[in-house]
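Undergrad: Below, each chain spelled out in residue letters.
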Amino acid sequence: MNERFDCIVAGGGLAGLTAAYTMAKAGLKVAVIERGTAPGSKNVMGGVLYRQPTELVFPEFWKHAPVERPVAQQSLWVLGKKGAVEFGVKNPARTGPPYNAFTVLRAKFDKWLGRQVTDAGALIIPETVATDVIWQDGAVVGVKTDREDGDLYAGAVIAADGVFSQIALKAGLRPEWRMDQVSLAVKEVIALPAERIEDRFHLSDGAGATIELIGEATMGMMGIAFIYTNKDSLSVGVGIMLSEFVKQRRNPNDVLENLKAHKVVQPLLAGGVTREYVAHMIPEGGYESIPKLFTHGLLVAGDAAQLVNSFHREGSNLAMVSGRFAAETVIEAAQRGNFSASVLSRYRDRLDGSFVMKDMRQYAGIGSYLSRRPHYFTVYPDMVNDFLFEFFAIDSVPKREKLRIMIRKALDARSWFGMLKDGVGLLMRLLLKSV
Amino acid sequence: MNLEDKLYTVGSKPDEAESHLAIKDPAPCLGPCEAKGRPCTTFCPARVYVWEVDRITVAYNNCLECTACRIGCPFQNIDCRFPRGGFGVAHKYG
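Sequence lines, in order, name chains A and B. Using our numbering, you'd call the opening residue of the first sequence number 7 and step up by one each time. Using our numbering, you'd call the opening residue of the second sequence number 126 and step up by one each time.
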């Protein structure tokens, strides 16, 4: 393989395929190195895919791509040990265009995306692992692969090889992640007939629902659980900071089974058959963990760049937008015949000028703040549940006395001062940063 | 549903020739990691790592390729790589 490309993309996920498609459409000679038998075979997400950022590159993709259900209902369940408190939004209008989001299964969706990339003229090299970069005179000029004579050369390389990016690591752009910079997620795809899904989640016209769950859903650990409706299956999973698993000595599958057995969750899943069990890491270190994003001849996009806004369940969109920005930067560089860091730094400018870095910056520090305040995951979910349980209990106790009992109970769990500090602290972090 | 049955649902092409996971040095597992509860034996979603008498065994063909063991080992004692191209898990749904 002595062919030379304009760009080599390591990794056939959302960032890499979006980048490859954009560059191939602009006439660049592009190769994608994919370690699975086809794009998608190694990829995992919850998964919610957002329409608008996807359409910027793949107009009207939803007419052809294998999407599951348009998301028309979203809710958050604060799961206590015994019950749940729900907050939700229902938007029947989202069942038709303009859609906001779709649930997808990545093995199917990415395979389709891969076909678009191939049709656009890029070469996808499957069953090949990009293991290292090739340096020449201080610039990255290609990648090494695990194939015999597998060195590939290009003007630029885009590292879109995910949270475990070996390209960004070996090139020295990122350190080894610490266990408090990543979450570990496990998920089951549980088959259930479409009519049952629609009955149980109150859906019509093919609409879909997403439920995020905190509290007992993660057994009090810092993280979140989810239940998403697909066409004829549910995606049910939990994602928890790896540092929490290590500290609490818990197994992810046990936490998932605990969630599935919970009294308010179990009826949604009853009769379903588990078709697949998957595990993946999510880069959740936030703004502070974003590595160096470029050097001479190399750009880093998507999960490899820690571009995840976990607070808003955003990752797939940030992967696609960063992949597109990386591609646009490489297109410019190819036109100028100059892949030096000064030209590729336009990638960082594009990210900084967009919502990507504005949002990442706004939520900077939120992860480490929450990790120092475990009460959000341990104390408050049960407190909210108990409070409302009492509030709705009609039991001949005068309201004033009831309130006193409820307050005393809350104070047993956390002091006034502690609650005030937690509430104000979180609000300040979320709101004041935006002004 | 127990974990063993769940692992049966995972499509994969096992690499019989070589393991992509290895314990670099048995000493930390035997010694200082005991007090830490040998975290790899609990946080691994596929329970690839099992403590057997005096060492960790590695059932690498059950690996789901999350790569958490590389980061979660308190002694950075696990050499975790991707399986060779074409081997390992092949998701039907993902």
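If you're looking for bench data, these hints aren't it; they were derived computationally from the structure. Worth double-checking, as some hints may not be accurate.
Residues from chain B shown here face chain A by an in silico Cβ test under 7 Å; the list is partial [stated by the list, open to error]:
id	residue
1	Val175
2	Trp176
3	Thr192
Just so you have them, the derived chain B footprint on chain A, three or more residues with Cβ under 8 Å [what the hints assert, rightly or not]:
id	segment
4	33-45
5	389-396
In silico lysine to any residue, SDA-like type, Cα no more than 20 Å apart, as pairs [said to hold, decoys possible]:
id	chain 1	residue 1	chain 2	residue 2
6	A	Lys176	B	Asn202
7	A	Lys150	B	Gly211
8	A	Lys269	B	Met126
9	A	Lys150	B	Arg206
10	B	Lys138	A	Ala44
11	B	Lys161	A	Arg256
12	A	Lys114	B	Ala215
13	A	Lys114	B	Gly211
14	B	Lys138	A	Arg281
15	B	Lys217	A	Trp118
16	A	Lys253	B	Glu159
17	B	Lys217	A	Thr43
18	A	Lys266	B	Glu129
19	A	Lys253	B	Pro199
20	A	Lys117	B	Gly211
21	B	Lys217	A	Ala44
22	B	Lys217	B	Val183
23	A	Lys114	B	Val135
24	B	Lys217	A	Arg153
25	A	Lys237	A	Lys298
26	A	Lys253	B	Gly162
27	A	Lys415	A	Met434
28	A	Lys269	B	Pro199
29	B	Lys138	A	Gly278
30	B	Lys217	A	His318
31	B	Lys138	A	Arg153
32	B	Lys138	B	Asn187
33	A	Lys266	B	Asp130
34	A	Lys266	B	Lys161
35	A	Lys88	A	Phe395
36	B	Lys161	A	Asn257
37	A	Lys266	A	Gly278
38	B	Lys217	A	Asp238
39	A	Lys176	B	Glu159
For every residue, glycine included, the Cβ atom is placed at its ideal position computed from N, Cα and C.
Undergrad: Would you mind marking each hint as holding or not holding in the structure?
TA: Structure-based check of all given hints:
Look at B:Val175: its Cβ only gets to about 12 Å from chain A, farther than 7 Å, so that hint breaks. Annotation: B:Trp176 was flagged as interfacial toward chain A, and the flag is violated, the nearest CB pair being 13 Å apart, outside 7 Å. At its closest, the beta carbon of B:Thr192 sits 4 Å from a beta carbon of chain A; the interface hint therefore holds under the 7 Å criterion. Under the rule that three or more residues need a Cβ within less than 8 Å of chain B, the assignment of the segment 33-45 of chain A holds, with 3 such residues.
Counting residues of the segment 389-396 of chain A whose CB falls under 8 Å from any CB of chain B gives 0; the rule of at least 3 is not met. Only pairs whose Cα atoms come within 20 Å are accepted, and A:Lys176 paired with B:Asn202 is accepted, the gap being roughly 19 Å. Restraint check for A:Lys150 and B:Gly211: the C-alpha separation of about 16 Å stays at or below 20 Å, so the hint holds. The suggested pairing of A:Lys269 with B:Met126 holds, with an alpha-carbon distance near 16 Å, which does not exceed 20 Å.
For the given pair, A:Lys150 sits about 15 Å from B:Arg206 by alpha-carbon distance, which is consistent with the 20 Å threshold. Of the pairs offered as hints, the one joining B:Lys138 and A:Ala44 holds, with about 13 Å between alpha carbons and a cut-off of 20 Å not exceeded. Taking the CA atoms of B:Lys161 and A:Arg256, the gap is near 13 Å; set against the 20 Å cutoff, the hint holds. Only pairs whose Cα atoms come within 20 Å are accepted, and A:Lys114 paired with B:Ala215 is accepted, the gap being roughly 12 Å.
Proposed proximity of A:Lys114 and B:Gly211 is supported: the alpha carbons are some 18 Å apart, at most 20 Å. For the proposed pair B:Lys138 and A:Arg281, the alpha carbon gap of about 17 Å is at most 20 Å, so the pair holds. Restraint check: the Cα-Cα separation between B:Lys217 and A:Trp118 comes to about 13 Å, which is no more than 20 Å; the hinted pair holds. Distance check on the hinted pair: A:Lys253 and B:Glu159 sit about 14 Å apart at the alpha-carbon level, within 20 Å; holds.
Simply put, B:Lys217 and A:Thr43 have alpha-carbon atoms about 12 Å apart, close enough for the 20 Å limit, and the pair holds. Under the criterion of a C-alpha separation no larger than 20 Å, the hint pairing A:Lys266 with B:Glu129 is consistent with the structure, at around 17 Å. Proximity of A:Lys253 to B:Pro199 is assessed by CA-CA distance (about 11 Å); at most 20 Å being required, the pair is judged to hold. A distance of roughly 15 Å separates the Cα atoms of A:Lys117 and B:Gly211; the hinted pair therefore holds under the 20 Å criterion.
Distance check on the hinted pair: B:Lys217 and A:Ala44 sit about 11 Å apart at the alpha-carbon level, within 20 Å; holds. In summary, the hint linking B:Lys217 to B:Val183 is not supported, as the alpha carbons are separated by about 25 Å, beyond the 20 Å threshold. Between A:Lys114 and B:Val135 the alpha-carbon distance is near 15 Å, which keeps this suggested pair within the 20 Å criterion. Restraint check: the Cα-Cα separation between B:Lys217 and A:Arg153 comes to about 25 Å, which exceeds 20 Å; the hinted pair is violated.
At most 20 Å may separate the alpha-carbon atoms for a hinted pair to count; A:Lys237 and A:Lys298 exceed this at roughly 40 Å. Proposed proximity of A:Lys253 and B:Gly162 is supported: the alpha carbons are some 9 Å apart, at most 20 Å. Between A:Lys415 and A:Met434 the CA atoms are separated by roughly 27 Å; this puts the pair beyond 20 Å, and the hint is violated. Between A:Lys269 and B:Pro199 the CA atoms are separated by roughly 36 Å; this puts the pair beyond 20 Å, and the hint is violated.
Of the supplied pair hints, the one linking B:Lys138 and A:Gly278 is violated, its CA atoms being roughly 26 Å apart against a limit of 20 Å. Among the hinted pairs, B:Lys217 with A:His318 is inconsistent with the structure: their alpha-carbon atoms are about 27 Å apart, more than 20 Å. Distance restraint check for B:Lys138 and A:Arg153: the Cα-Cα separation of roughly 18 Å lies within the 20 Å cut-off, and the hinted pair is therefore satisfied. Distance check on the hinted pair: B:Lys138 and B:Asn187 sit about 11 Å apart at the alpha-carbon level, within 20 Å; holds.
Taking the CA atoms of A:Lys266 and B:Asp130, the gap is near 16 Å; set against the 20 Å cutoff, the hint holds. With a CA separation close to 29 Å, the supplied pair A:Lys266 and B:Lys161 exceeds the 20 Å bound. This hinted pair checks out: A:Lys88 and A:Phe395 have alpha carbons roughly 10 Å apart, not beyond 20 Å. Restraint check: the Cα-Cα separation between B:Lys161 and A:Asn257 comes to about 15 Å, which is no more than 20 Å; the hinted pair holds.
Taken as a hint, the A:Lys266 and A:Gly278 pair is honoured in the structure, with Cα atoms around 11 Å apart against an allowance of 20 Å. For the proposed pair B:Lys217 and A:Asp238, the alpha carbon gap of about 14 Å is at most 20 Å, so the pair holds. Among the hinted pairs, A:Lys176 with B:Glu159 is inconsistent with the structure: their alpha-carbon atoms are about 32 Å apart, more than 20 Å.
Figure legend: structure checked against the earlier numbered hints; hints not met, in rising order: 1, 2, 5, 22, 24, 25, 27, 28, 29, 30, 34, 39.
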